[in-house]
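Since the structure of chain A is already known, use the hints to place chain B on it.
Number of protein chains: 2
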Amino acid sequence: MIPFNKPHLTGKETHYIYDAVNSGKISGNGKYTKLCQRLLKEKYDFGKCLLTTSCTDALEMAAILIDIKEGDEVIVPSYTFVSTANAFVLRGAKIVFADSRNDHPGIDEHSIESLITSKTKAIVPVHYAGVACNMDKIMQIAQKHDLFVVEDAAQGIDSYYINNHGKKQALGSIGHLATFSFHETKNVISGEGGMLVINDSQFEKRAEIIWEKGTNRSAFFRNEVDKYQWVDIGSSFLPSEIIAAFLYAQVENITNIQQKRKSIWERYYNQLIDWAAQNNVGLPHVPSYATNNAHMFYMVCKDSSQRDKIINHLSKNNILAVFHYLSLYKSPFYELDYSGGRLKESDRFTETLVRLPLYYDLTDDELTKIIYTIISTPF
Amino acid sequence: MIPFNKPHLTGKETHYIYDAVNSGKISGNGKYTKLCQRLLKEKYDFGKCLLTTSCTDALEMAAILIDIKEGDEVIVPSYTFVSTANAFVLRGAKIVFADSRNDHPGIDEHSIESLITSKTKAIVPVHYAGVACNMDKIMQIAQKHDLFVVEDAAQGIDSYYINNHGKKQALGSIGHLATFSFHETKNVISGEGGMLVINDSQFEKRAEIIWEKGTNRSAFFRNEVDKYQWVDIGSSFLPSEIIAAFLYAQVENITNIQQKRKSIWERYYNQLIDWAAQNNVGLPHVPSYATNNAHMFYMVCKDSSQRDKIINHLSKNNILAVFHYLSLYKSPFYELDYSGGRLKESDRFTETLVRLPLYYDLTDDELTKIIYTIISTPF
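Residue numbers (my numbering), protein chains in the order written: chain A, 1 to 379; chain B, 1 to 379.
Quick caveat, the hints were computed from the structure, so don't treat them as lab data. Wrong hints could be hidden among the right ones.
In silico lysine-lysine, BS3-like type, Cα no more than 27 Å apart, as pairs [stated by the list, open to error]:
1. A:K69 to B:K69
2. A:K94 to B:K6
3. A:K121 to B:K69
4. B:K6 to A:K25
Just chain A, with the same shape it has in the complex (with noise of 0.2 Å):
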């Protein structure tokens, strides 16, 4: 059976996990927790990071921070996965549901401004696949209208956005929050795991306090005050340092990660593009204002009946492909509370998108197979 993924080991995993413990600190906020904080800030030029336990909680922490109340409305793609809404719904936010571009499941840029009331607070763009969203119209929005931007980044890692006057920045690296996901789905993993990135210096010393289950711990290790005491809302969003140092092996490894995945990436493009055109199925459209992750690599059938035939010839063949979101719009928890129209291609992403296998252990021989199978599929 060739799985859909399979999590990588780098090596180096178990032997930090044993530092850890023999350090006498496998709680949060310690020696590799710092390490892979500080390592991803400045490959990428993010503002201030904090590790978390998952993506979710990094969206949590920003609907905190950003002092998401009753009432007040975030934009968010339809197409995504339900913490994305989830993390503000949780502190009383209205979702209002965009529909995604029609070349990529990305939120479609042209249409956020018509979504915007006197409550809207905030626009959440997903960079979908680790591909970028028009980021200087997004960000050009907000300002407009005095709104925060959350990138949800989750698949986001080691992508680039290339902005107006050509300069390459790193997804994370520009809205005022950007959240990012280590689970093992991910180019980079901990199981489970994530990471806040803080660029508008703002929210720096309130987010290590809501970090820190409301406490003001971390300014009482600094010595700025003599007791740590309860100063705010907050959870324990902090991950183990048993996390942070599998984590650590895995972001010193991400160059050899890359590679191994964008020649993956690469094959699947090259070698499906004929029969692609010839059968009337998208492959992964990179924008030119995006750099390619090879998080994912995903195609868009003509229709439904379409997928299933390529996901069961699969299946048959032993080969596990996925579809991947369903319209949160359309979702049994939101639908009642939905008053927009329909979106389209949110709608034609849930029907036809399907995600091959790609994992930095899919050998050759798996690749070739699973390039062949897709090609003889019967129609």
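Then chain B, alone, in the frame of chain A:
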């Protein structure tokens, strides 16, 4: 230096982590999560168990499950960790603080009934130092006033309440819901980590959904629904299998860990009892309805000056002893919202309680040194 705490490795932690990685599954709710949940449930006769990323997160799940809304009141001891209160504040609750008993930092069960109003929704007894609160009394009050009981058993693993009929009930098996911590300072650890126990079966189904980010993913994997969707609020409460694998090596060894901790606790008690009596220092009180899980060895000094002298004398001799909570009703975050009176026992424990080093790898020689140093404190 003798630290206050040192995490203990049983030896199999990294072996199980390797196994988890090699099995191809290190995100949450895998083999080791299920092994931990089953072992703990069976050993302690708990209801459904769900591992969480922290005890804080388990408390937040409890607050969502009992449907805490703006304005609901929750009775919480003042002498506890911030998360006991914060988890309910995050959902909009007003916290009504209760005082501690005179002979023990646990909630004074006789003070509870006068704090109940028509808005009260839950009582959250905290089993301080792993010593049971008077659960018969508390459950009886809850039943009379139709309230939920959420046991904060962060420190309470492997400890028991002996009920009015002489039956031993594990802490965490009594309230409608209960929460545990596996933070590195606890008896069994995973760095950061926790667990929610659901003893009232009406909450089981929803707990699984809230745990999995508000989706019916668990039902999907049991083939009860044909796709998994957004059906409720929720968060990513489940820990990585890396954490669960580590924890499993610990819970497998709980008998051995507990034996060692209890022998340390008893040496402290037996060798300090005469000195304590002579110096008006209180040693831990274990009521007749409670057992001792040797989570903590604390002393209650006659005043804060005596405590300072002991802590300083130990510190000069390279031994780290630490005080504990600060009365939450006086915290910067809550003092303006607090409308009750002075809680004198909570204030007294804030000012006079000191905790001594207690961990598996504490040697006999180190223990001798600590006891000797305490006894030689110049007053």
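Comparing the hints with the structure gives:
no. : hint            : in the structure
1   : A:K69 to B:K69  : holds, 14 Å
2   : A:K94 to B:K6   : violated, 46 Å
3   : A:K121 to B:K69 : holds, 23 Å
4   : B:K6 to A:K25   : holds, 7 Å
Checked against the numbered hints above, the structure breaks only hint 2 and satisfies the rest.
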